[in-house]
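K.L.:
Just so it is clear: in the sequence shown, position 120 is 120 by UniProt numbering, and no numbers are missing.
Hints were generated in silico from the structure; no laboratory data involved.
Keep in mind it's a predicted model, so treat the numbers as computed, not measured.
All residues carry an ideal CB built from backbone N, CA and C; glycine is no exception.
Please note that the accuracy of each hint is not assured.
Simulated DEER-style distance windows between Cβ atoms [what the hints assert, rightly or not]:
id, residue 1, residue 2, range
1, Met1, Arg191, 42 to 50 Å
2, Asp200, Arg267, 38 to 46 Å
3, Ala207, Gly158, 27 to 35 Å
4, Gly146, Arg270, 53 to 61 Å
5, Pro293, Pro82, 42 to 50 Å
6, Gly146, Asp200, 24 to 32 Å
7, Gly158, Arg267, 37 to 45 Å
8, Pro53, Asp2, 35 to 43 Å
9, Ala45, Val222, 32 to 40 Å
10, Arg157, Ala45, 29 to 37 Å
11, Asp253, Ala45, 29 to 37 Å
12, Asp168, Gly273, 23 to 31 Å
13, Arg217, Ser105, 16 to 24 Å
14, Arg157, Gly292, 27 to 35 Å
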Amino acid sequence: MDPSIAVVGPGAIGTTVAAALHEVGRTPRICGRTARERLELHGEAVRIAVPGPVRIDPARAGGAVDLVFLAVKSTQVEAAAPWLAALCGADTVVCVLQNGVEQESTVSPYTSGARVLPAVVWFPAEAQPDGSVRLRGEPRLTLPDGTASHVVLDALRGTRCSTDVAADFTSVAWRKLLQNAVAGLMVLTGRRSGMFARTDIAELSLAYLRECLAVARAEGAVLGDEVPHEIVDGFRSYPADMGTSILADRVADRPLEWNTRNGVVPRRGRAHGIPTPISDLLVPLLAAASDGPG
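Working from the sequences, and respecting the hints, build out all of it.
P.N.:
Shown next as structure tokens:
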């Protein structure tokens, strides 16, 4: 029997997951802040409409489910707490589709003892002005090796969202964090991926990534010296107009995930006695871009 599933946060990531589930007949409950009749996912080879409505009242959540995909940003976890309270039971798994390496400590206080499962999200999906989501590649999740992961694997079996399990999840999570961290430069320039074609930006990015890499290794990640170059080369290979969620939030004047994506590096660096001079410059600028004042 298929597990009962809810998606909390029908943005770019949540819509992609909901569409993948709906496409194979496992339509989840959709929970969010804004009432909508349906969700829409489209791309070069896909167009899926997920029937709603989007539930906006946690009191009408419908009871506990087997699996919650929590697809809100780290800045929105506290606001999503009523949904977690309404949807979580003792056996619920909460799969956190969120940036960073601190999902468990961030989300666990709101799940009433339900199991929290971090995930690394590889979704080239972008929210569009009309509320639809554009998918620009194959969606993929990486999960830690453990019993809770089997609930997610079962839910997503046979869908367009591929899922793999990593024995060394720490290394995978920190590698993705490095990618997210350097994407923060796009906020400070107001530019998309094409900016990484500049030699000066590439050099700054490499220096920043090497700083992040030192902290990642101190945290237990096994990542080689080649990783900074691979990440910069990846940005250079993307379409020049490829954006990122933190840039979209900046353009829309929404709070930024600066602490989750960038602030974690100097915080963890201090704990290990590792200097982070580039972070010490970038993080206050990102924080000010997010939170002001001014």
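K.L.:
Against each hint, give a clear statement of whether it holds in the structure.
P.N.:
Going through the hints against the structure:
1. Met1 with Arg191: 42 to 50 Å: Given about 49 Å between the Cβ atoms, the range holds.
2. Asp200 with Arg267: 38 to 46 Å: Once the Cβ atoms are compared, 28 Å apart, the range 38 to 46 Å for Arg267 and Asp200 is violated.
3. Ala207 with Gly158: 27 to 35 Å: violated, 44 Å
4. Gly146 with Arg270: 53 to 61 Å: violated, 30 Å
5. Pro293 with Pro82: 42 to 50 Å: violated, 29 Å
6. Gly146 with Asp200: 24 to 32 Å: Given a distance of about 43 Å, which is not inside 24 to 32 Å, the answer is violated.
7. Gly158 with Arg267: 37 to 45 Å: At 40 Å between Cβs, range holds.
8. Pro53 with Asp2: 35 to 43 Å: violated, 21 Å
9. Ala45 with Val222: 32 to 40 Å: holds, 35 Å
10. Arg157 with Ala45: 29 to 37 Å: violated, 21 Å
11. Asp253 with Ala45: 29 to 37 Å: Between Asp253 and Ala45, where Cβ atoms are some 33 Å apart, the hint holds.
12. Asp168 with Gly273: 23 to 31 Å: holds, 24 Å
13. Arg217 with Ser105: 16 to 24 Å: holds, 21 Å
14. Arg157 with Gly292: 27 to 35 Å: violated, 45 Å
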